[in-house]
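2 protein chains.
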Amino acid sequence: MSQEWLQAIQWTEDGLVPVIAQQHDSGRVVMFAWMNRESLALSVETGYAVYWSRSRQRLWRKGEESGHQQKILDIQLDCDADVILLKIEQQGGIACHTGRQSCFYRSLHKGEWQTIEPILKDPAKIYS
Amino acid sequence: MSQEWLQAIQWTEDGLVPVIAQQHDSGRVVMFAWMNRESLALSVETGYAVYWSRSRQRLWRKGEESGHQQKILDIQLDCDADVILLKIEQQGGIACHTGRQSCFYRSLHKGEWQTIEPILKDPAKIYS
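Listed in order, the protein sequences are those of chains S and G. When you read off a place in the first sequence, starting at 1, and then add 592, the result is the number in the numbering used here. When you read off a place in the second sequence, starting at 1, and then add 592, the result is the number in the numbering used here.
To be clear, the hints were calculated from the coordinates, so they are not data collected in a lab. Nothing here was measured: the structure is a model prediction, and the numbers come from that model. Hints should not be assumed to be uniformly reliable.
[Claimed, not checked] No more than 20 Å apart at the CA atoms, straight line, and that leaves these computed lysine to any residue pairs for SDA-like:
| # | chain 1 | residue 1 | chain 2 | residue 2 |
| --- | --- | --- | --- | --- |
| 1 | S | Lys663 | S | Ile718 |
| 2 | S | Lys663 | G | Ser699 |
| 3 | G | Lys702 | S | Leu598 |
| 4 | S | Lys663 | G | His701 |
| 5 | S | Lys702 | G | Glu596 |
| 6 | S | Lys702 | G | Gly639 |
| 7 | G | Lys713 | S | Cys671 |
| 8 | S | Lys702 | G | Val636 |
| 9 | S | Lys702 | G | Gln595 |
| 10 | G | Lys702 | S | Gln683 |
| 11 | G | Lys702 | S | Ala673 |
| 12 | S | Lys663 | G | Gly703 |
| 13 | S | Lys702 | G | Ile601 |
| 14 | G | Lys702 | S | Lys702 |
| 15 | S | Lys702 | G | Asp666 |
| 16 | S | Lys702 | G | Arg629 |
| 17 | G | Lys713 | S | Glu637 |
| 18 | G | Lys702 | S | Ile664 |
| 19 | G | Lys702 | S | Glu637 |
| 20 | G | Lys702 | S | Arg629 |
| 21 | S | Lys717 | G | Cys671 |
| 22 | S | Lys702 | G | Leu598 |
| 23 | G | Lys702 | S | Val636 |
| 24 | G | Lys663 | S | Leu700 |
| 25 | S | Lys702 | G | Ala633 |
| 26 | G | Lys702 | S | Tyr640 |
| 27 | S | Lys702 | G | Gly703 |
| 28 | G | Lys702 | S | Gln595 |
| 29 | S | Lys663 | S | Gln683 |
| 30 | S | Lys702 | G | Lys713 |
| 31 | S | Lys663 | S | Arg629 |
| 32 | S | Lys702 | G | Ala600 |
| 33 | G | Lys702 | S | Ile601 |
| 34 | S | Lys702 | G | His701 |
| 35 | S | Lys702 | G | Leu634 |
| 36 | G | Lys702 | S | Lys717 |
| 37 | G | Lys702 | S | Gly703 |
| 38 | G | Lys663 | S | Gly703 |
| 39 | G | Lys702 | S | Ala600 |
Please take these sequences and the hints and turn them into a complete structure.
The structure is reproduced here in structure tokens:
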């Protein structure tokens, strides 16, 4: 992995970079996760988002259990070269493990987090 | 700052939370930064984005030098309660210190980061 484009990225001390996943047509931001060099290289190679799971300390091929893969249409880098924005096509229209379109399903209203997105599919049925 | 909504957030060990700023109407993701409890509380209180600058280790009232403030229209929280998404109205239409609409102005094409957004205003004129 000596590619220049990979080396241009300012990785954290842990060798990670934060990644924002955005549904390409609706513009909905659906997820935030992390990648390491290997997962980003794999994402580019396969055309589907592969993250680095910090909790499980392993590669996380998004959708490996749920089937909700994220097809990558564009990969964008910010001015400091330390954040990545993915334009994706979300398979199944569900990015969140709660069965919602987006992980950002709560909104602050009058000092309280209110749920603003419906559950599209029962998680028990997604992960069965 | 004993508000429950603040306590619901899973702060990092450093007391921070990553924040994605998205232009509310176009859907363009314009920036990624961090907030601590104080800056998030101030953001809610003032209605304008206040970040925590990790490099300068101080509150960063976005637009304090450039005038490019971010009016907050909505604050969303993700499923793990550890990432915030701001729906904003970007003053001046420029979020990036390079004078571009978005900090994500580079796109990966054929193994190279290519610039995909024009400079709308010379940074020398923004920060003079």
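Which numbered hints fail: Per hint list: 10, 14, 17, 27, 30, 34, 36, 37 violated.
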